[in-house]
Amino acid sequence: MSAITTLARQPSGGVNARIVNRIVIYGLLALFALFYLMPLFVMLVTSFKTMDEIQNGNMLALPQAPTFEPWIKAWSEVCSGLTCVGMKGYFWNSIKMVVPAVIISTLLGALNGYVLTKWRFRGATLVFGLMLFACFIPFQSVLLPMATVLGSFGRFGVKLQNATGFTFGFGNPTVNLVFVHVVYGIGFTTLFFRNYYETFPNELVKAAQIDGASFFQIFRRIMLPNSLPIIVVTVIYQFTNIWNDFLFASAYAGSGDVMPMTVALNNVVNTSTGVVEYNVNMAAAMIAALPTLLVYVLAGRYFVRGLMAGAVKG
Amino acid sequence: MSTVATSQIKLTPEHARPRASVRSRLQDALPKIVLAPSFAITIIFVYGFILWTIYLSFTNSKTFPSYVITGSRAYRRLWGWTFDTDPPSSWYTSITNMGIFGFLYIFICLALGLFLAILLDQKIRGEGVLRPIYLYPMALSFIVTGVAWKWFLDPGLGLEQTLHQWGWTSFHFDWIKNKDFVIYTVVIAGVWQASGFIMAMFLAGLRGIDGEIMKAAQIDGATTFQLYRRIVIPLLRPIFLSAFIVLAHLAIKSYDLVVALTSGGPGGSAWLPSNFMYEYTFKRNEMAVGSASAVIMLMTIVAIIVPYLYSELREKPR
Chain Z
1 MSAITTLARQ PSGGVNARIV NRIVIYGLLA LFALFYLMPL FVMLVTSFKT
51 MDEIQNGNML ALPQAPTFEP WIKAWSEVCS GLTCVGMKGY FWNSIKMVVP
101 AVIISTLLGA LNGYVLTKWR FRGATLVFGL MLFACFIPFQ SVLLPMATVL
151 GSFGRFGVKL QNATGFTFGF GNPTVNLVFV HVVYGIGFTT LFFRNYYETF
201 PNELVKAAQI DGASFFQIFR RIMLPNSLPI IVVTVIYQFT NIWNDFLFAS
251 AYAGSGDVMP MTVALNNVVN TSTGVVEYNV NMAAAMIAAL PTLLVYVLAG
301 RYFVRGLMAG AVKG
Chain A
1 MSTVATSQIK LTPEHARPRA SVRSRLQDAL PKIVLAPSFA ITIIFVYGFI
51 LWTIYLSFTN SKTFPSYVIT GSRAYRRLWG WTFDTDPPSS WYTSITNMGI
101 FGFLYIFICL ALGLFLAILL DQKIRGEGVL RPIYLYPMAL SFIVTGVAWK
151 WFLDPGLGLE QTLHQWGWTS FHFDWIKNKD FVIYTVVIAG VWQASGFIMA
201 MFLAGLRGID GEIMKAAQID GATTFQLYRR IVIPLLRPIF LSAFIVLAHL
251 AIKSYDLVVA LTSGGPGGSA WLPSNFMYEY TFKRNEMAVG SASAVIMLMT
301 IVAIIVPYLY SELREKPR
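These protein sequence lines are chains Z and A, in that order. Per full-length UniProt numbering, residue 1 is the first one in the first sequence, and the count goes up by one each step. Per full-length UniProt numbering, residue 1 is the first one in the second sequence, and the count goes up by one each step.
One or more of the hints may lead you astray.
[To be verified] Sample of chain A residues facing chain Z (criterion: CB under 10 Å; computed from the structure): (1) Val22; (2) Arg25; (3) Leu30; (4) Phe39; (5) Ile44; (6) Leu110; (7) Ser141; (8) Phe142; (9) Trp151; (10) Gly158; (11) Phe173; (12) Ile245; (13) Ser293.
[Unchecked claim] No farther apart than 30 Å at their CA atoms in a straight line, the calculated lysine-lysine pairs in the DSSO-like style are these: (14) Z/Lys206 - A/Lys215; (15) A/Lys62 - Z/Lys159; (16) Z/Lys73 - A/Lys177; (17) A/Lys179 - A/Lys62; (18) Z/Lys159 - A/Lys215; (19) A/Lys32 - A/Lys123; (20) Z/Lys88 - A/Lys283; (21) Z/Lys73 - Z/Lys88; (22) A/Lys283 - A/Lys62; (23) A/Lys253 - A/Lys283; (24) A/Lys62 - Z/Lys96; (25) A/Lys179 - Z/Lys88; (26) A/Lys62 - A/Lys215; (27) A/Lys283 - Z/Lys96.
In case anyone wonders, no lab produced these hints; they're calculated from the structure. Ideal Cβ placement from N, Cα and C applies to all residues, glycine included.
Let the sequences and hints guide you as you build the complete structure.
See the structure below:
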């Protein structure tokens, strides 16, 4: 326990004052816990209610007759614009985009971090600085050129299709998004691995070199087996960021059956044909939130560490 | 670090010989070859694209990019709209909103984060339960946050309706539908999402403070309040800086939240520059104006981030 803790416990006005003090502190903490939990609670409760109950009942009341109907409808029937096929297809779109993007960007980040710390060369700091700054740019400043380039990928894909019968992924929106997320994700993954490998003992690398181990052998046999914590942090960070991305997804795969989850959810909620089914909307939002929430519940410690590593470098 | 580099030279004597074999030269260059693709990607797709956007902002591109330089017309239009038009243009609304949102979001997140961290640092039973509750919104996407708060703040469905049912019928809260107040609902949702993370940063800082300093101050008779104001908070200065950078960066990039929470607000009244850029570039066929707004956003970020990164990278000479 820290020193502040023990100090705050110093009686400054007798036992009564201390008890009042504790009550106030716990009361405030509980109040804020309510503030943070409320929207999730309302979303969850609403997703299990019937429309009747929503219109006539209280937002905070527990469902009288809990029903899974809204969840089933959100998964397989809900309308996004004019197509009513549920969220399931978009959910898989997101999975197909997230998995390769996370694997590729993490692997590249690990290699980059390894080079930047164990094989330092003149100008390494500059290279790292340039890559690091790329993490912080507003993506609006690259959005339009990327759209143009992805458009030409698409035309190239058509040519390949005519010539060989395959597009090799050129022009495929999911492949495009994987590419975009890798390009704008390597800054962060490199940062994570660089900072982690900086504290990794150079003696081990040196000893392996003397034993004649090659560049890749050292990486595979010595660095990677000792990188589990930072791999977990990086994978979680990238997974959350890419799953939650909306800007790139709406710019490059913003309509049709190729939309990722976030774009589809926004469309579902803003579809204004017929009666708005709030319970189904809330169930859809919960489905979109579940993967990242699950990661947070299962590996919260690593999640926080990733956020911190992205924020504080020292 | 340099020790590895020197031992490297010793280990490969071929390096010094005039006729090094191709293979060993390849071995020497391997680290750079491995790093090269990532670096090239960054140079092209970040810096090249930024130059491309800057170039476009000086053309008269509309629906399609045009590459004939026509001068700073797009910028003159942007700022002309800001100061000469009545009612104010959407660019004026966007930058005013950015000011309001940026200031309140950063200030409230910092204040609330510090406050919660100090409360949690008072040897709280159940800290392990409370901390994840404060922090979980950070795992959600802005879209989910927007959908949840849209429901919660809707006058006919959410908070207002609930309080009416409980008998407080005079309660009135329709900011989300009011063009003058809609930006404040974005602040509420944004603070809800990020303040827990700022709390975690401050808490980590508090736990890292040396106990000896505290004891000394206590012996000198400092009260708890004095202790925090005079000693703890000044010691947390690096955290304030990091948190500020994180928040400023999040604030300038927030686009999703405005879209999901307000769909842009009545008449675009909740727009931030990021929404302005997207609308003008992709929906209103004013590519040059959209690019100019992106360049202005970038310059704002550069002004904040570059000095920070420079000091961070320079401070640790090896």
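Results of checking the hints against the structure:
1. Val22: Hint on A/Val22: violated, closest Cβ of chain Z at ~16 Å, above 10 Å.
2. Arg25: Interface hint status for A/Arg25: violated (13 Å vs cutoff 10 Å).
3. Leu30: Status holds, d = 5 Å.
4. Phe39: holds, 6 Å
5. Ile44: holds, 9 Å
6. Leu110: violated, 13 Å
7. Ser141: holds, 3 Å
8. Phe142: holds, 6 Å
9. Trp151: holds, 7 Å
10. Gly158: With a minimum Cβ separation of about 6 Å from chain Z (threshold 10 Å), the hint on A/Gly158 holds.
11. Phe173: violated, 13 Å
12. Ile245: holds, 7 Å
13. Ser293: At 8 Å from the nearest chain Z Cβ, A/Ser293 passes the 10 Å test, so the hint holds.
14. Z/Lys206 - A/Lys215: Distance of about 44 Å is beyond 30 Å: violated.
15. A/Lys62 - Z/Lys159: Holds - the C-alpha atoms of Z/Lys159 and A/Lys62 are around 28 Å apart, at most 30 Å.
16. Z/Lys73 - A/Lys177: holds, 29 Å
17. A/Lys179 - A/Lys62: Roughly 29 Å separates the two Cα atoms, so the pair holds.
18. Z/Lys159 - A/Lys215: violated, 74 Å
19. A/Lys32 - A/Lys123: violated, 50 Å
20. Z/Lys88 - A/Lys283: holds, 28 Å
21. Z/Lys73 - Z/Lys88: holds, 10 Å
22. A/Lys283 - A/Lys62: The hint holds at about 11 Å.
23. A/Lys253 - A/Lys283: holds, 19 Å
24. A/Lys62 - Z/Lys96: violated, 34 Å
25. A/Lys179 - Z/Lys88: violated, 36 Å
26. A/Lys62 - A/Lys215: violated, 66 Å
27. A/Lys283 - Z/Lys96: holds, 28 Å
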